[in-house]
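K.L.:
Starting from the known structure of chain A, arrange chain B on it as the hints suggest.
These are the residues of each chain, in order.
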Amino acid sequence: MMKLERGSALASALDFFIYDTVKIFALLATIVFLIALVRSFFPPERTKRALEKVPAFLGNVLAALLGIVTPFCSCSAVPLFIGFVEAGIPLGVTFSFLVSSPMVNEVALVMLWGLFGWKIALLYIASGLVVAMASGAGIGALRLESYVEDYVYKVRSGDVADIRMTAKDRLLYARDYVGEILGKVWPYVLVGIAIGGFMHGYAPAAFLAKYAGAGAWYAVPLAVAVGVPLYSNAAGVIPIVSVLMEKGMAMGTSLAFMMAVTALSLPEAIILRKVLKPRLLATYFGVVAIGIMLTGYLFNAIIG
Amino acid sequence: MKVQILGGGCAKCRTLEANAKAAVVELGIDAEVEEIKDFAAIAAMGVMSTPALALDGEVKSSGRVLTKDQVKALIQGGE
Numbered sequence: 001m002m003k004l005e006r007g008s009a010l011a012s013a014l015d016f017f018i019y020d021t022v023k024i025f026a027l028l029a030t031i032v033f034l035i036a037l038v039r040s041f042f043p044p045e046r047t048k049r050a051l052e053k054v055p056a057f058l059g060n061v062l063a064a065l066l067g068i069v070t071p072f073c074s075c076s077a078v079p080l081f082i083g084f085v086e087a088g089i090p091l092g093v094t095f096s097f098l099v100s101s102p103m104v105n106e107v108a109l110v111m112l113w114g115l116f117g118w119k120i121a122l123l124y125i126a127s128g129l130v131v132a133m134a135s136g137a138g139i140g141a142l143r144l145e146s147y148v149e150d151y152v153y154k155v156r157s158g159d160v161a162d163i164r165m166t167a168k169d170r171l172l173y174a175r176d177y178v179g180e181i182l183g184k185v186w187p188y189v190l191v192g193i194a195i196g197g198f199m200h201g202y203a204p205a206a207f208l209a210k211y212a213g214a215g216a217w218y219a220v221p222l223a224v225a226v227g228v229p230l231y232s233n234a235a236g237v238i239p240i241v242s243v244l245m246e247k248g249m250a251m252g253t254s255l256a257f258m259m260a261v262t263a264l265s266l267p268e269a270i271i272l273r274k275v276l277k278p279r280l281l282a283t284y285f286g287v288v289a290i291g292i293m294l295t296g297y298l299f300n301a302i303i304g
Numbered sequence: 305m306k307v308q309i310l311g312g313g314c315a316k317c318r319t320l321e322a323n324a325k326a327a328v329v330e331l332g333i334d335a336e337v338e339e340i341k342d343f344a345a346i347a348a349m350g351v352m353s354t355p356a357l358a359l360d361g362e363v364k365s366s367g368r369v370l371t372k373d374q375v376k377a378l379i380q381g382g383e
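Keeping their order, the protein sequence lines are chains A and B. Everything in the first sequence is counted per this note's numbering, starting at 1 for the first residue and increasing by one. Everything in the second sequence is counted per this note's numbering, starting at 305 for the first residue and increasing by one.
If we strip away everything but chain A, and leave its shape as in the complex, we get:
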């Protein structure tokens, strides 16, 4: 199937590109639509109520899982944080939610699935959840409640009644959401597929051999250090990850880089500074960064 003559390599790359572009956009539209429908049932107000009644460690697990299905926009991070804290949800649980929400992202999932297979996609979800749960639990254990900005504890809010959405409302919402997401990510998706196509047509065997390379011990921390200040939506980072992997970066290191870029960023730090005092903000970043590094090492060990 993979001949190395120029002509057929180009043909097979092009073939992959066209086939995969259609496949991935179709997958994206369908899955994002379905996920948006599911998300219309999980507004943050409901998540807050679900988490209020649950004991601490179970809370971390639930929060991390709910983070995946609750729609999240980084501009909402502050009111959401205030809402959770004010409802009495433990700080650690709130953080589990804050970590999993941006990191476990349906667009990235679809792209990973389409480009690298379902095992990698599953790995991504699993590692995201583990980092979210563990860092939330870790921060909770450090008892840093006094490092939340004081005004947050003074806010008293009533419960907003769940806003009714009819079935038609939900379909419209899901459709708008698909339009919004595709509108934002299509250039990244195309680039990501183009790179994948290039790899498939020109260097399939070499790619697999490099795949197994684990790299120096400092590769993982370096990847995280570079990834933290960067920000990209999860789809945008996949082309970069593809290139890195093609150059020989191990799976765990690549995953760590991807998680660092999406979960932690300078813009997010600036936003969270409104509710977290510097020490807690630094601890949050530190704990999540360490969690991501450990996950990176773990997957390098298992796979690489």
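Rather than coming from a laboratory, the hints here were simulated on the basis of the structure. Since we're looking at a predicted model, the values are computed, not measured. Mixed in with the good hints there might be a few duds.
[Unchecked claim] Residues from chain A shown here face chain B by an in silico Cβ test under 7 angstroms; the list is partial: (1) Pro-44; (2) Glu-45; (3) Val-78; (4) Leu-80; (5) Ile-82; (6) Tyr-151; (7) Val-155.
Ideal Cβ positions, reconstructed from N, Cα and C, are used throughout, including at glycine.
P.N.:
Showing chain B alone in chain A's frame:
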């Protein structure tokens, strides 16, 4: 009628504000459109995802950028 847009000032809040203003103009009603950016105030109203829209102090939508027509429907639905 008091129309409030709750949000931190990102692009989505801008769009919602513009749509709300257009809706008010089209309906020809006497309404004041104001933006609430203070997070403590937003949280005090129980809103956790922005942008949100409140009519006369009651939160009618949160986390979505409503179109001008959707805002009109909400204003008319309430009266």
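K.L.:
The structure should be examined with respect to each hint, and the outcome stated for every one.
P.N.:
Evaluation of the provided hints:
1. Because the beta carbon of Pro-44(A) sits about 4 angstroms from the nearest beta carbon in chain B, less than 7 angstroms, this interface hint is met.
2. Of the supplied interface hints, the one on Glu-45(A) holds, with its beta-carbon coming within about 6 angstroms of a beta-carbon of chain B, less than 7 angstroms.
3. Evaluation of the Val-78(A) hint against chain B yields a held restraint, the C-beta minimum of about 5 angstroms falling below 7 angstroms.
4. The interface hint given for Leu-80(A) holds, since its Cβ lies 5 angstroms from the closest Cβ of chain B, which is under the 7 angstroms cut-off.
5. Residue-level restraint check for Ile-82(A) holds (minimum Cβ-Cβ distance to chain B is 4 angstroms; threshold 7 angstroms).
6. Contact between Tyr-151(A) and chain B, as hinted, is supported at the beta carbon level, the nearest pair being about 6 angstroms apart and thus within 7 angstroms.
7. The criterion of a C-beta within 7 angstroms of any C-beta in chain B is met by Val-155(A), whose closest approach is roughly 5 angstroms, and the hint holds.
Figure legend: structure checked against the earlier numbered hints; every hint is met.
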